[in-house]
Amino acid sequence: MLPNRTVRETKETKMISHLNVENLEIRYNVNAAEPAITGVNLEIKQGEFVTVIGPSGCGKSTLLHAMGGMLSPSSGGIYLDGIEMARPDPRQAAFVFQDYSLFPWKKVVDNVAMGLRFAGEDKKVALEKARAELGFVGLADKADKYPGELSGGMQQRVAVARALALKPKFLLMDEPFGALDEQTRRSLGQELTQILHDAGQSVVLITHSLEEAIFWADRIVVMKAGPGEISKEIVVDEPWPRSLEFMTTARFDDLRAELFHRIQPTTASEAK
Amino acid sequence: MVKAPRKLPAARLDPSALARKAALYRTLLVIGFFVLWEVLANIGAIDERSASKPTAILAAFGEMFAGNTDTYQALSDTLYVLVIAFIIAVAIGMPLGLALALNATIREAYMSIVIYLLGIPKTIFLPLFVLFFGLGNGSAIAFGAVLGFLQITVNVVAGVDSIEPRFFRVASAFGGSKWHSFVHVILPGAAPAIFAGLWHGVRNAFIGVLIAQMFVSNIGIGYLVKVYTNNFNIDSAMVLIIISAVAVILLGTLWELGEARLTKWKSTVRS
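One line per chain: the protein sequences are U and H, in this order. FYI, UniProt numbering numbers position 157 of the first sequence as 157, with every residue one higher than the one before it. FYI, UniProt numbering numbers position 149 of the second sequence as 149, with every residue one higher than the one before it.
Okay, chain H solo, but in the shape it has when bound (with noise of 0.2 Å):
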């Protein structure tokens, strides 16, 4: 007996349903994180006062919000500097990584070096940071842009090299200047990997700050951190750190929105 091809299941040919799915598999994973880690601290199976409870975070969240000055005045000190930073990593980043991609000498002489700083851990340096900038805003703005501008650079030079020679042919042939290269060619295709590159660069310029903060300055979310955590206030660092990952989240989910709106153009290129 001939067997009935086998009907394929109508989420594996709707993208949407399949989005729905993966995101209620990622709630329940979530949900179930924090219940689990409420069940342990409950039972005594992890200690409460080194690794705090879900509960006792959402209370602490209330009474930190409410009417702790200090929380607020943390929040906008870590966004005004990372702010700074991500604008002197872009400014640094962009043109770094155009001119490293356009200019063969340029990429022989230095690109070296930007691997090789992008390859060795960078807080081992934090403390001539703070011999060069001094402790606080400055240290954290310039070791937030340094983590940042590496990135930035990095992938502007991939998103340039991806750049196939025959639309650079193309413009040539139809009278394009090297400016007109520049606009209607390189900022377009190399536009997925800046996004890419700009993303990264604002992750690790978050980083970098967070970790300054925490190490040579006395502002800050990074600084509180440290603060709550040295006092064992662990419940009032774990509502700063759930803060700062959730953050980042909701800013990568926005930059992806963003990049998606800005190069549509990418989901019609067939492989």
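One chain only, chain U, in its complex shape (with noise of 0.2 Å):
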């Protein structure tokens, strides 16, 4: 079990921020015939935990990048709080990638501390904050191991922590669960999900699986590709915490219908 933690500045104790999404659209490259995404509005309020689903090559990890300020626009824009995000801000949103990148050569705990000591933070002040924020995954006793000391479901805790140490508005997870194994995914996805969705962490979590976007999320957004647009938004209305049972439900089982279908028809197209 991990331990508890204080609830984050959410909705209910700080201004609600938004992460608007206005007529994306993002090209690779200018002479390219379609643009990676296109047309593409959403609203993310703080505390919601939004799943983004949809096919390989739909754009979902472009998204992702374009949200943190990681790519430029071609047109349209992406405002937080009404302030463009021209450039990451891991303060605003922080990235959890899937293959979670933690610097071989920095201990567990220097990792976790990274983002705060390029925010300017004092050394001391960030190794005590990374260590706490370990502690809040459960991997108190690994911070001065090196990250090729631990398993993957342990480095992905510790890009998870360095990723809250920032304490951003918004975390933005890029299939982070996807190079685990079934088993590690199953349970590690669920801990982590269910602490941060009590924490009121917003969350933006891209997934190729069916079931995690359905069981984390409180807001389902679909993809399609070629090119990548949103094609539904589904609200996912159980109440939290929740527990496996939930996947044996007929609400489930609807939703993985609705979702399989929505997905099927882009599937086959590019296919074509």
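FYI, nobody ran anything at the bench for these hints, they're computed from the structure. Keep in mind it's a predicted model, so treat the numbers as computed, not measured. For each residue, glycine too, the CB sits at the ideal point set by N, CA and C. Don't take every hint at face value.
[As the list claims (entries may be wrong)] Examples of chain U residues lying across from chain H (beta carbon under 8 Å, computed):
1. Met70
2. Asp89
3. Gly115
4. Phe246
From these two lone chains plus the hints, build me the complex, please.
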């Protein structure tokens, strides 16, 4: 079990932030026949847990990278509380990547403190905060290890701690459990998403799994390929905390069937 | 009948036991080499006047370090020249390597020249060094520095190239500036290759210094080896050759220990 933690600044304790994607279009190449994503409009409120699902190549990761200021829009824009996200600002939106991308040459605690140090935080303070965040994800005793000494699941927890250490308004997770085995993926996913939800952390999570997309979401954003667009938004009104029993309900089956059918035609057209 | 699975020998599982065994094998080979050399010289199978023998070298070693100040002077001269040559090699090789690795235009323009220079035999240019720097320390320093910096440069480039792009992406995603990327990604990520480059650099600088001292200088170990050889004082020449070889081996061992300490994380990375 992960330790309890004081609820972060949530929509109850602070002015609600909004991440707005407005008419977003991204082209990787100006001469490309079609953009990677186009006409994307999306509003995410602080405290929401949004999952994004769609076939390969539909632009899920492109959308996420743009939301975090890692990609410049060809047209349209990304706005956080009305201010354009022109470049990465991890205190506003911090990433968790699929491949963890922990620096193997830094100890776990230094990896977690990295963003804080980049933001100009005093080294001692940054390390204290990093240790606290490692405690939050249940890895306090691994602080002085190197990432290579940890399992894949532990490394992903460290990556989550690294992002949370900056107290971001939005957490952007790009298939964070995709590199893990099925059992770890399920248990770690359930554990972390529950704790993030309890803490009122706003999350945008990319996934390929229909079950994950439904189980973890307050809202599911479905994308289609060719070019990448949002085809549907589905609200999942199941109350939190969610138990695995939710996955055996008729409501869950209905949602999975709907997602399956929404993704299938796009996949078929892609295959053509 | 089912055969019981064969147990693995402990040495295969224990790296320190394996290292001890390997060290013993190595020592036996070296001792065996010197014993064979002594025996072959004593029975006349090899010419003692041109190849010397271990006991004669040992006797010469005592004489050379007992009262002969030339030996100490030569060692200190070579060490001084080597240190200066290595400092120059690092001062040129490191920034040049970083510039080639980090700037596409500079790489496109100059990397091929560095590769060509690395490939061609540099000794052929030694007379030109004499023209530029004169006989003596100047040529030895310059030649050692040239041999050293090329190795450092290519290793720095290879080291930076070996860093996975995802680490730069993470630094950027977490608000890192170019300076942050340099300090937190490039330098530590390329550190193993940079260490290798510095080692190759110092080794090549040493070769360069010895060659220059042999042919275009009148000081240092290289010069003394040439003088002793020309005078058929092979025992003394062998003493200096063995000292040079041992110095490189010791330096290499120390280098490895230092590298292992400073890049401890490398042993934790799974392939």
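Going down the list of hints, with the structure as the test:
1. Look at Met70 (chain U): its Cβ gets to within about 6 Å of chain H, closer than 8 Å, so that hint holds up.
2. Because the beta carbon of Asp89 (chain U) sits about 6 Å from the nearest beta carbon in chain H, less than 8 Å, this interface hint is met.
3. Hint on Gly115 (chain U) holds. Least Cβ distance to chain H is approximately 4 Å, under the 8 Å limit.
4. Using the Cβ-Cβ criterion of 8 Å, the hint placing Phe246 (chain U) at the interface with chain H is not satisfied: the shortest such distance is roughly 32 Å.
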